[in-house]
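Colleague: Here is what each chain is made of, one letter per residue.
Protein chains: 2
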Amino acid sequence: MGVVVNLEDGKRDRGSIEGLIELTRSDMTRVNELILSKAGSDVELIPQLARHLISSGGKRLRPMVTLAAAQMFGYSGEGHVKLATSVEFMHTATLLHDDVVDESDLRRGKQTARMIWGNQASVLVGDFLLGQAFRMMVEVGSLDALEVLSDAAAVIAEGEVMQLGVAKNLETTEDEYLAVIKAKTAALFSAAAEVGPIIAKASRSDRSALRSYGTNLGLAFQLVDDALDYGGSTRDLGKNVGDDFREGKVTLPVILAYRRGSEEERRFWKDAIEGEQADAAALDKAIRLMHRHGAIVDTVGRARHFGEIARDALAPLKATPQKAALVDVIDFCISRVV
Amino acid sequence: MGVVVNLEDGKRDRGSIEGLIELTRSDMTRVNELILSKAGSDVELIPQLARHLISSGGKRLRPMVTLAAAQMFGYSGEGHVKLATSVEFMHTATLLHDDVVDESDLRRGKQTARMIWGNQASVLVGDFLLGQAFRMMVEVGSLDALEVLSDAAAVIAEGEVMQLGVAKNLETTEDEYLAVIKAKTAALFSAAAEVGPIIAKASRSDRSALRSYGTNLGLAFQLVDDALDYGGSTRDLGKNVGDDFREGKVTLPVILAYRRGSEEERRFWKDAIEGEQADAAALDKAIRLMHRHGAIVDTVGRARHFGEIARDALAPLKATPQKAALVDVIDFCISRVV
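So the sequence lines, in the order shown, correspond to chains A and B.
Using full-length UniProt numbering, the first residue of the first sequence is number 1, and each one after it goes up by one.
Using full-length UniProt numbering, the first residue of the second sequence is number 1, and each one after it goes up by one.
Check each hint, because a few of them may be wrong.
Any copy will do: because identical chains look the same in the list, a pair fits if it lies in one copy or spans two.
Unchecked claim - Here are the computed lysine to any residue pairs in the SDA-like style, where the Cα-Cα straight-line distance is at most 25 Å: (1) 168 <-> 115; (2) 318 <-> 331; (3) 168 <-> 117; (4) 249 <-> 44; (5) 182 <-> 41; (6) 182 <-> 139; (7) 182 <-> 40; (8) 38 <-> 144; (9) 270 <-> 179; (10) 59 <-> 17.
Hints were generated in silico from the structure; no laboratory data involved.
Based on the provided sequences and hints, a complete structural model is requested.
Modeller: Set out below in structure tokens:
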């Protein structure tokens, strides 16, 4: 079943995000300025909470993708900075609402906004950032870009609702799970990539190429994230390992370990995930079972599979530094885990 | 201080919503169809929850205003139906998020969605409806309408966050409270009215007129709502009386009664609103104090004041059935309370 993955090969195509950072450095300075100014408000709580989110780090991968995708087709205006900022705001709004929905205490090892300012502020500041995102998109004035991004907004929310349905449901199939992350995560990557060629007035096929790149990069990115939550292939347990497990989230490593497990193992998963007995000892056992059944390695294998589709999506495009950087990011995302 | 209001005059200008209903009947049939179809999703929870909201009634005042405002300037396309539906979705999304933020159990005497499906689904289905609203607006293709509606989305959320700040704060001034409801309620009425002349390609001054009408109708509407929550002028206590009080909301009737009250009365308000001692006996006393200080009558007086501004905003426009219906609605909104 599992795609064969040679973990020893990890180093060969480790990939890098450096090229993307370099190419988008000056544009990202303007994105960061715009983030700060558009997260401003006379209502004090809004900039407070926004600053917390902004300083929480994160690589700002999505806006960099938008910027590079616009540059790649010779775009020379200012619209890509606004669209990239909109994409980041949509992402931030989703995180704020997610933390409320998942009742998360920590994100990237830091207290979540809802723990500091409460669920109420998180819901409403999320709404505010979404409103600001739409304002900026409208300012850019491209109806095609607006269509792609508003579609994404609805699809993301649909994916989140779908995820409520599969939550704590161990019978979720891999297909069902993929449908969730395609909507919840990949839709925004896809839109982030596609609006680049859109404002650069590139061709239909260029739009399709970037759209496909974004979707598949997003899927790979999410699957790697899922694997990392169980320590990844290296069993190097970072400080945030086990968040998904403790919240009872059914992600691909769980789905594979559950389906491949013995009756007795499946009872363990039911107790842990559905019965909410996900303590440290259970996490330890979960990780052992995952490795026994190749669930982590195969999750990463699936990520590689989507990474290859992303790479092929860009293949026919003219060689540019932006194309090279976007391809490099695929491997970078996957190499986080090996 | 209070605007002089002769409650006995109530019957003279009772106003009516019948004209508006009649003029928008066939368009509203299409709005209702569009609501049902755009609230549809393969993700079962979404149409379930949406149907609950749709069947909860409500007068659909905002979309009717959009439709009439478009008709008024001779609009003959289909865009007004989509914009009206978008406006209603924005309103519904706000209600869903509000109920989560306010931890409300009941709305219009019915269980809130969050009590049936949980806060999680309410947050996410709200996001979905907002995404669908933007999708529809984009389909209409008017960047001016998009600007007005996306501005409103950000301002509404800003108003909600502002409201968190004034919540349970009895020192809130009337001005501060007006700023909250201007953002939270009036901004959507304003946008709902302005997009009519926008898609009908009416003049700048027509846009301004409708915008001003919407803003002031929204303010009047909210103030009347606030008064009704304490039984209105007639002391006819409907079944939903006291919701704001129990949730410790500082609305204009409370602000006026508190500011005009004795030291001892102010202690009562502090215990009830800030100390969360808002039981049935306290509600009874609150209503008595409000009447003693003319707080309800003057809240309605303020509503009339904004109603008059709304009427004057439309005054220079050519006489049409739509104009007459929109003016009639001002009095209708205010007469709910007397």
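Colleague: Next, verify each hint and record whether it holds.
Modeller: Results of checking the hints against the structure:
For the identical chains of this complex, residue 168 and residue 115 are neighbours both inside a copy (23 Å) and across copies (21 Å), given an alpha-carbon limit of 25 Å. When the C-alpha separation of residue 318 and residue 331 is checked against a cutoff of 25 Å, the pair qualifies only within one copy, where the shortest distance is 20 Å, while the shortest distance between copies is 65 Å. Taking identical chains as interchangeable, the C-alpha atoms of residue 168 and residue 117 lie at most 25 Å apart only when they sit on different chains, with a minimum of 16 Å there against 28 Å within one chain. In the homo-oligomer, the alpha carbons of residue 249 and residue 44 lie at most 25 Å apart only across protomers (20 Å), although the nearest pairing inside one protomer, at 34 Å, exceeds that limit.
In the homo-oligomer, the alpha carbons of residue 182 and residue 41 lie at most 25 Å apart only across protomers (16 Å), although the nearest pairing inside one protomer, at 33 Å, exceeds that limit. Taking the shortest Cα distances, residue 182 and residue 139 sit within 25 Å of each other only across copies (24 Å), while inside one copy they are farther apart (28 Å). Proximity of residue 182 to residue 40 under the C-alpha cut-off of 25 Å is restricted to the inter-copy arrangement: shortest distance 19 Å between copies versus 32 Å within a copy. Proximity of residue 38 and residue 144 under a CA criterion of 25 Å is satisfied in both settings, with 23 Å inside one chain copy and 20 Å between copies.
In this assembly of identical chains, residue 270 and residue 179 lie within 25 Å of each other by CA distance solely inside one copy; the values are 23 Å within and 51 Å between copies. Taking the shortest alpha-carbon separations for residue 59 and residue 17, only the intra-copy value of 9 Å comes in at or below 25 Å, while the best inter-copy value is 53 Å.
In terms of the numbered hints stated before, the structure departs from none.
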